[in-house]
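Asks: The primary structure of each chain is shown beneath.
There are 2 protein chains.
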Amino acid sequence: MKGKPLVSIISAGLSKFGKHEGVYTRELFSYAAKEAFDRCPTLNPKQDVKAMFIGHMGEAYEHQGHTGSAAADWSGLLGIPATRTEAACASSGAALRSGIYAVLSGLADIVIVGGVEKMTHRSTAEVTEYLAMASDYPFEQFHGITFPGLFALMATAHMNAYGTTQEQMAKVAVKNHHHACLNPKAHLQKEVTVETVLASKVVAWPLKMYDCSLITDGASCIILAKPELAKKYTDQPVHIIGSGQASDTIGLYQRKSLTSLQSTKLAAKAAYDMAAVNPQDIQVAEVHDCFTYAELMAYEDLGFCPVGKSGQLIDNQETCLGGRLPVNTSGGLKAKGHPVGATGTAQAYEIYLQLTGQADKRQVKDAQTGLTHNVGGSGATATAHIYRSDN
Amino acid sequence: MKGKPLVSIISAGLSKFGKHEGVYTRELFSYAAKEAFDRCPTLNPKQDVKAMFIGHMGEAYEHQGHTGSAAADWSGLLGIPATRTEAACASSGAALRSGIYAVLSGLADIVIVGGVEKMTHRSTAEVTEYLAMASDYPFEQFHGITFPGLFALMATAHMNAYGTTQEQMAKVAVKNHHHACLNPKAHLQKEVTVETVLASKVVAWPLKMYDCSLITDGASCIILAKPELAKKYTDQPVHIIGSGQASDTIGLYQRKSLTSLQSTKLAAKAAYDMAAVNPQDIQVAEVHDCFTYAELMAYEDLGFCPVGKSGQLIDNQETCLGGRLPVNTSGGLKAKGHPVGATGTAQAYEIYLQLTGQADKRQVKDAQTGLTHNVGGSGATATAHIYRSDN
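From first to last, the protein sequence lines are chains A and B. According to this note's numbering, the residues represented by the first sequence are 1 to 391, in order. According to this note's numbering, the residues represented by the second sequence are 1 to 391, in order.
Any given hint could be a false lead.
Repeated chains share a single entry, so a pair holds when one copy, or any two copies, can fit it.
As the list claims (entries may be wrong) - Quick list of in silico lysine-lysine cross-link-like pairs, PhoX-like style, CA-CA up to 25 Å: (1) Lys50 with Lys4; (2) Lys361 with Lys190; (3) Lys16 with Lys201; (4) Lys269 with Lys232; (5) Lys256 with Lys309; (6) Lys226 with Lys2; (7) Lys50 with Lys232; (8) Lys232 with Lys19; (9) Lys46 with Lys190; (10) Lys4 with Lys185; (11) Lys4 with Lys226; (12) Lys50 with Lys226; (13) Lys19 with Lys4; (14) Lys269 with Lys231; (15) Lys46 with Lys269; (16) Lys19 with Lys309; (17) Lys50 with Lys256; (18) Lys46 with Lys265.
Hints in this document: simulated from the structure, not taken from any laboratory.
If we strip away everything but chain A, and leave its shape as in the complex, we get (with noise of 0.2 Å):
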């Protein structure tokens, strides 16, 4: 089934980005799914949609888990089979995956797969306790590492072997900033500059405030439908044509090499080769930004561009929208925001818009061809989809 379709997507929806007070998970996942069902006006939800996979990432947030249940009843679906899916920040990104299973299981011709994540009515602190859940606890969390600090161990490890530059870093923040200036959706619509990321206060170095992702309420969905379906709900499929996972060690210490993920690298493969495309075909995509270097990382692990020159492509502009291969014109998870079980779906919607052409200031002319990249914390998770449009 090489290069043909798996799933299509027949809608999405996304909640905006950003502070919302007052209200539980379930209701901020409401959001998405109410877009997605408005969307799509033909599709009778409680009839047509068979299952849910839903990524949620920590049920210490809101002493909360169960999330698939009452995500479902609360988007009016009560009854269908609903899985909550955590593997941490790739939470949402093993729900597609899981939702392309049922589809093409013939079990389920529709299902509707996304995630959420509330988490800014918790403290900083609280949310880094929370986040380093998806470290490995024994060897990294027990010792007072927490995310910046691995993903700090990781641009150090990069910046020794090929001379990548905090410059380089700041960079990506500034691109990403300026693409959420674009995104109504987006949290943080603010731009910046190279020297306000590198004047911002150090995290974990070379990590500093503005390269570290948001911390974000925020929910996400798409529709997956059998492809032979997919016309019947909508003019404008979107269909994805490759889909990856792979794990790796939940601990950093036990890995080869801490200059590329080996779970994006199996995952990447794994999608490029059941689309039958390569990176060179790719016209848009979002990719895992969770700090600065993640993104430049990416790049490479992604085939975006040989190994140890991510920081050429982004002193080169080829991935700012206008660029060669614009990368996070959503804002990424950088300014638009990480609500971490929400990310990979938003993602996809994201590529959705794009390859359906409503993707507005930040269109990406004439795009066909998409993808998405996920990561569950340091690596030890990754997913990757390809998707395209007829349009």
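With the hints as your guide, set chain B onto chain A.
Replies: Relative to chain A, chain B alone:
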């Protein structure tokens, strides 16, 4: 595909249930995986197993989420797609369902599905709090109600509606404790009498200590294959011929009835319809006895007896070993133990043993058709699966 195998179980594994001191969740899970791999020497796990779904309910116990990747690594499956599923105590029922989708999808011919929970290193108060995360935060947890309280509400409603007695509930405990004495992997291998149960400390009236399931460490898994491939790996495949999963409101207060679980009824109907069997065809079943009352309610919701007559079923010993339809031959959650994330696939393990004639002293003679029933929380999730062997 009515009555046809969806997938085939080619192997299964279960850790000893009980206290495991000094091990992390990932290691505990590897015990179950090792048994499954050892039992199936023609399987090359690293090469043949294409995905993992693992039920794990609570990240609070070890301050550790992201269970999928770590469990995959420690089971010798580094690199494969590995996703944690969470649907409270039905987390591995949901993993099983997800694995069935994956095999049927054609993307993964062989998958491992399982579950794990490490609980005994925490105090009873901590465990009670962590478990409560599966109930509704704003309308249940916030007001101090815990799971024994929620099931006590359901039990009293049933007593009021149908005259069900505390003695009848106690008989469920007597039966399951007796069965557990025949299962060397059960946590509590100890007979109890109706008098002991009735005299035990009240937890939430009418539920007493011996009406409650156990806080246990344990792990379980089964290996699913495309039915056409099963004979390559085993002479005794067990086919899953029906699968159902359903959701309900997370809060009890929103439901029309307290004397039955709508999610169980929906999941069971879906599974029976798919399998083209009736409740009368089931020869052995593992049902979700988180409290003794829950087993009685399951008899009715699964169609093992008419509504309101579950007390008579246990009075007549029809669900004891040697009876018409032995239920919870493993000892059930009540006496084998309830490591919450592991329970769903531990039930499948028991049915696998029963249908392959490997259940030793607790073997149900000539059993060919079995059922498992796994409930999340107070019933916001339920799964039902139906199994058949050719043996």
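Asks: Output the indices of the hints that this structure fails to meet, ascending.
Replies: Failing hints, ascending: 3, 4, 8, 9, 10, 13, 14, 16.
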